[in-house]
Amino acid sequence: MKRSSFLYQMSVLTALATLPKGAKSNWFSEASQAGFPYKLEPVGRCLELEGYYVWCNSPILGPDNKVHLFFSRWSSAKKMGGWLNGCEIAHAVAEHPEAEFKVIDTVLEPRGPGFWDATTCHNPHIQFVDGLYCLFYMGNSNGKTDTKRIGLATSKSLYGPWTRPDEPLLQPGIAGAWDDHCTTNPAFVKHPNGEYWLYYKSWNSNDYYNSKDPLIRGNRKYGLAVSNRLEGPYHRHSSNPVIDFSSTGNNNQFEDAFVWMDKGKFKMLARDMGVFNHEVGLYLDSSDGVHWNRPQIAYKALKDYVELPAAPAHLKRYGRLERPQILFMKGKPAYLFTACQGGEYETASSFILRIT
134 MKRSSFLYQM SVLTALATLP KGAKSNWFSE ASQAGFPYKL EPVGRCLELE
184 GYYVWCNSPI LGPDNKVHLF FSRWSSAKKM GGWLNGCEIA HAVAEHPEAE
234 FKVIDTVLEP RGPGFWDATT CHNPHIQFVD GLYCLFYMGN SNGKTDTKRI
284 GLATSKSLYG PWTRPDEPLL QPGIAGAWDD HCTTNPAFVK HPNGEYWLYY
334 KSWNSNDYYN SKDPLIRGNR KYGLAVSNRL EGPYHRHSSN PVIDFSSTGN
384 NNQFEDAFVW MDKGKFKMLA RDMGVFNHEV GLYLDSSDGV HWNRPQIAYK
434 ALKDYVELPA APAHLKRYGR LERPQILFMK GKPAYLFTAC QGGEYETASS
484 FILRIT
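Numbers given in our numbering equal positions in the sequence shown, counted from 1, plus 133.
To be clear, the hints were calculated from the coordinates, so they are not data collected in a lab. Hints should not be assumed to be uniformly reliable.
Calculated pairs, DSS-like style, for lysine-lysine (alpha carbon to alpha carbon, straight line, at most 25 Å) [unchecked claim]:
#1 449 with 212
#2 463 with 199
#3 289 with 463
#4 323 with 199
#5 199 with 465
#6 396 with 463
#7 465 with 323
#8 465 with 449
#9 289 with 465
#10 449 with 433
#11 172 with 199
#12 323 with 398
#13 345 with 463
#14 212 with 289
#15 449 with 398
#16 398 with 433
#17 199 with 289
#18 172 with 463
#19 323 with 463
#20 323 with 289
#21 398 with 465
#22 277 with 345
#23 433 with 465
#24 398 with 172
#25 172 with 212
#26 212 with 235
Predicted model, so just to flag it, every value in this text is computed and none were measured.
Make a model of the complete structure from these sequences and hints.
As structure tokens, then:
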């Protein structure tokens with residue numbers, strides 16, 4: 134085990150050891166939310182599209198002063214699992230974050246046999262970098278998890294056209310590595326030193342295929358890959374995985390990281406998968422982007438913001454706010470865009486919270 138990983142896991146275990154006897158083996162407490170420096174107020178659902186599931190809502194303020202939202206969608210006929218084998222990335226625009234979003238067009242769709250993103254395009258994450266609009270995303274070639282790869286499409290305009298790569302930005306690790314299954318769920322920052330930092334989710338194939346956990350196969354961790362050029366090549370950081378909750382027990386893990394920098398400090402939002410519970414979001418920060426402080430609660434379950442109708446039987450993840458992405462206005466976090474099941478058509482849509 135690398136020294137940095139050992140020190141991180143020891144800090145986690147030390148924190149757990151201080152819990153009162155009989156307490157749950159996690160960090161949950163009301164005080165945990167104090168680490169997230171913002172309050173959240175519900176705005177509500179948007180992009181409730183008949184005939185579609187909507188997911189992965191990534192916003193950016195355009196030069197036209199409108200809010201541009203890049204999101205995943207797939208046919209409701211495919212049910213919730215359609216994100217893996219038939220998703221496309223679309224573009225919607227609104228006059229301001231609380232106005233109606235109107236769908237403009239499809240930006241990326243599966244390219245078909247022979248391409249690394251043949252069967253799905255998912256996980257959009259939009260940024261403006263080096264004079265280009267950069268749309269990081271995940272594609273796969275067989276409709277399964279083991280060919281999920283991170284790619285990057287670029288354009289000089291939010292309205293396109295978009296150029297996408299013949300090869301993904303990052304391949305999985307070597308056989309037996311913690312990240313040998315896939316690369317997915319991209320988060321990105323341009324480091325003040327000029328480097329390009331790509332955070333990615335992965336897990337181990339053996340753990341995934343031979344898991345004894347009845348609910349979640351494998352353990353999702355986050356790695357970091359660094360490049361001197363936007364287009365790559367990206368090289369794995371020596372401290373990978375940079376965030377790993379597996380040592381805390383109960384197959385605790387997380388996903389959907391969103392990373393940004395504020396006053397020289399790295400900050401992260403993510404979806405919890407057992408650290409506290411499966412319905413809240415996590416907030417972590419770091420002085421160097423490699424060694425992260427223990428997580429706090431960033432946001433709560435959907436039911437804590439709005440009154441929910443009874444869960445439809447076909448929606449098994451109802452009530453969670455997933456895929457957190459922040460809209461920055463005047464350089465500050467202004468709105469939190471998430472994805473959640475439910476809505477008018479009992480599929481999935483975006484859910485927006487105002488950051489105060």
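We went through each hint and held it up to the structure:
In summary, the hint linking residue 449 to residue 212 is supported, as the alpha carbons are separated by about 11 Å, within the 25 Å threshold. At roughly 13 Å between alpha-carbon atoms, residue 463 and residue 199 fall within 25 Å of each other, so this suggested pair holds. Note on residue 289 and residue 463: the hinted pairing holds, with a Cα-Cα distance of about 21 Å set against a maximum of 25 Å. Distance hint between residue 323 and residue 199 is fulfilled; the C-alpha atoms sit about 24 Å from each other, no more than 25 Å.
Restraint check for residue 199 and residue 465: the C-alpha separation of about 16 Å stays at or below 25 Å, so the hint holds. Between residue 396 and residue 463 the alpha-carbon distance is near 14 Å, which keeps this suggested pair within the 25 Å criterion. Distance check on the hinted pair: residue 465 and residue 323 sit about 17 Å apart at the alpha-carbon level, within 25 Å; holds. Distance check on the hinted pair: residue 465 and residue 449 sit about 34 Å apart at the alpha-carbon level, beyond 25 Å; violated.
In summary, the hint linking residue 289 to residue 465 is supported, as the alpha carbons are separated by about 24 Å, within the 25 Å threshold. At roughly 18 Å between alpha-carbon atoms, residue 449 and residue 433 fall within 25 Å of each other, so this suggested pair holds. For the hint linking residue 172 to residue 199, the alpha-carbon distance of about 24 Å falls within 25 Å, and the restraint holds. Proposed proximity of residue 323 and residue 398 is supported: the alpha carbons are some 13 Å apart, at most 25 Å.
Among the hinted pairs, residue 345 with residue 463 is inconsistent with the structure: their alpha-carbon atoms are about 48 Å apart, more than 25 Å. With a C-alpha separation of about 35 Å, the suggested pair residue 212 and residue 289 falls outside the 25 Å cut-off, and the hint is violated. The straight-line distance between the Cα atoms of residue 449 and residue 398 is roughly 36 Å, outside the 25 Å bound, and the hint therefore fails. For the given pair, residue 398 sits about 24 Å from residue 433 by alpha-carbon distance, which is consistent with the 25 Å threshold.
The suggested pairing of residue 199 with residue 289 holds, with an alpha-carbon distance near 16 Å, which does not exceed 25 Å. A hinted pair counts as satisfied when its Cα atoms are at most 25 Å apart, and residue 172 with residue 463 qualifies at roughly 18 Å. This hinted pair checks out: residue 323 and residue 463 have alpha carbons roughly 18 Å apart, not beyond 25 Å. For a cut-off of 25 Å, the pair hint linking residue 323 to residue 289 stands: about 18 Å separates their Cα positions.
About 14 Å separates the Cα atoms of residue 398 and residue 465, which keeps this hinted pair within 25 Å; it holds. The hinted pair formed by residue 277 and residue 345 meets the criterion: a straight-line CA distance of about 20 Å does not exceed 25 Å. A threshold of 25 Å between alpha carbons decides the hint, and for residue 433 with residue 465 the separation of about 21 Å falls inside it, so the pair holds. With a CA separation close to 20 Å, the supplied pair residue 398 and residue 172 stays within the 25 Å bound.
Taking the CA atoms of residue 172 and residue 212, the gap is near 33 Å; set against the 25 Å cutoff, the hint is violated. The hinted pair formed by residue 212 and residue 235 meets the criterion: a straight-line CA distance of about 23 Å does not exceed 25 Å.
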